[in-house]
Every structure is written in structure tokens, then in C-alpha cells.
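J.: Sequence:
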Amino acid sequence: MTADFIRKSAGTLMLLTGIGHVALLGVRPMSPELAITAAFGVGYFLIGIFLWRSGGRGALWAGLILPAIGAALSFAANPPGKGGWTPIGTAFVAIDIVVVLACLWLLMRRPG
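The working numbering numbers the first residue of the sequence shown as 6 and each following residue consecutively.
Calculated directly from the structure, the hints in this document are not laboratory data.
Any given hint might turn out to be false.
Stated by the list, open to error - Taking lysine to any residue and the SDA-like style, the derived pairs with C-alpha atoms no more than 25 Å apart in a straight line are:
1. K87 - I102
2. K13 - A67
3. K13 - K87
4. K13 - R62
5. K87 - G25
6. K13 - A81
Please take these sequences and the hints and turn them into a complete structure.
T.: Given below as C-alpha cells:
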């Protein structure tokens with residue numbers, strides 16, 4: 006696998022999860038948590054675009070930081086073992102972790 010493939014794969018995951026986060030507005034009643042989720046979705050979508058277009062260090066750092074925050078907030082809001090996890094929420098967190106690891110790997114292998 007090349008670095009370009011990994012960057013574009015992470016970008017694709019961010020685009021898809023961004024759309025998924027925002028799409029929840031159409032299927033769930035509005036709440037403060039849902040508004041935050043949708044805002045993260047917009048951020049994820051933008052990161053996906055930046056990862057696809059440039060893949061510069063700024064895009065990689067954003068792809069590392071924002072999904073890490075999103076996953077941490079998911080764990081804080083719904084601690085594992087408390088029964089609050091849904092399949093879609095689990096998929097979102099799994100994607101966050103994959104993207105964070107991909108961006109971390111790409112940042113570690115680039116000079117400067």
C-alpha cells in the first residue's frame with residue numbers, strides 16, 4: 006500500500022462518516038448531542054476533502070485530532086458496558102480510530 010492510497014482511503018472514510026453524521030439529522034429528533042454530532046460531521050467531511058485534495062500536514066493533523074476528539078467524546082457520553090452503543094455509533098468510532106491511525110502513520114513517515 007502506498008501513502009497516497011492510505012491518505013485517500015482515510016479521506017474517503019472521512020467523507021462517508023461526515024455524510025453519515027449529518028444524515029442523522031433526518032432520522033433522529035433534534036437534541037444538543039445531535040447538533041454536536043452534525044457539526045462533527047461537517048468537520049469530518051471537510052477533512053475528507055482536504056485529505057483527497059492535498060494531503061498536506063495540516064489535513065493530516067486535522068485527520069488525527071478531530072476524529073480522536075470525536076471518539077473520546079463518544080466514549081465519554083456512552084461508556085462501554087453501559088448499553089448505550091448503537092451499531093452506527095460503533096461504526097463511527099471504528100472509522101475514527103482507523104483514520105487517526107492512518108494519519109498518525111502518514112505524519113510519522115513524512116519529514117518536517
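J.: Are the hints correct? Go through all of them and say.
T.: Hints versus structure:
1. Under the criterion of a C-alpha separation no larger than 25 Å, the hint pairing K87 with I102 is consistent with the structure, at around 21 Å.
2. A distance of roughly 14 Å separates the Cα atoms of K13 and A67; the hinted pair therefore holds under the 25 Å criterion.
3. As the CA atoms of K13 and K87 are separated by approximately 35 Å, the hinted pair breaks the 25 Å bound.
4. Proposed proximity of K13 and R62 is supported: the alpha carbons are some 14 Å apart, at most 25 Å.
5. With a C-alpha separation of about 24 Å, the suggested pair K87 and G25 falls inside the 25 Å cut-off, and the hint holds.
6. Taken as a hint, the K13 and A81 pair is broken in the structure, with Cα atoms around 29 Å apart against an allowance of 25 Å.
Checked against the numbered hints given earlier, the structure breaks hints 3 and 6 and satisfies all the rest.
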